[in-house]
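Work out the full structure, taking the sequences as your base and the hints as a guide.
Take the sequence shown: its letters are residues 23 to 127, numbered as in the working numbering.
Misleading hints may appear alongside valid ones.
[Unchecked claim] Pairs of lysine-lysine, DSS-like flavour, derived with a Cα cap of 27 Å:
| no. | residue 1 | residue 2 |
| --- | --- | --- |
| 1 | K78 | K108 |
| 2 | K45 | K75 |
| 3 | K78 | K45 |
| 4 | K108 | K75 |
| 5 | K108 | K45 |
Bear in mind the hints are in silico, worked out from the structure with no lab data behind them.
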Amino acid sequence: EIGAFNTVARGTLDDTVIADYVKIDDHVHIGHNAYIGARSLITACSVIGGSVKMGKSVWVGLNSTIINGITIGDNVLIGIGTVVIKSIQENVVVAGCPARILRSN
23 EIGAFNTVAR GTLDDTVIAD YVKIDDHVHI GHNAYIGARS LITACSVIGG
73 SVKMGKSVWV GLNSTIINGI TIGDNVLIGI GTVVIKSIQE NVVVAGCPAR
123 ILRSN
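Here it is as structure tokens:
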């Protein structure tokens, strides 16, 4: 499901891929060559940079930013307003500016 006023950039070096059962709220930008894993949720006003690789079941909180080239593991929850500047391992909760691990599952 894709909301209103979104931008999904065309792939330049590789395809931009949104896997099955992904929900994208309104006013989201997804950069070129990004991969969004299955069963993920990207909430309103979030920015996903180019060449970001998101695993399965990733939840991106409202107004979050993930810079170019970041890899995010499976089952990650990114808190509201978080700025992700480093890759994130799987099964964690992160929040803050810059993102910090708050909890591991």
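Going down the list of hints, with the structure as the test:
1. Using a Cα cut-off of 27 Å, the hinted pair K78 and K108 holds, with the two alpha carbons roughly 18 Å apart.
2. Between the alpha carbons of K45 and K75 the distance comes to roughly 16 Å, so the proposed pair stays at or under 27 Å and holds.
3. With a C-alpha separation of about 12 Å, the suggested pairing of K78 with K45 holds against the 27 Å cut-off.
4. Only pairs whose Cα atoms come within 27 Å are accepted, and K108 paired with K75 is accepted, the gap being roughly 12 Å.
5. Taken as a hint, the K108 and K45 pair is honoured in the structure, with Cα atoms around 24 Å apart against an allowance of 27 Å.
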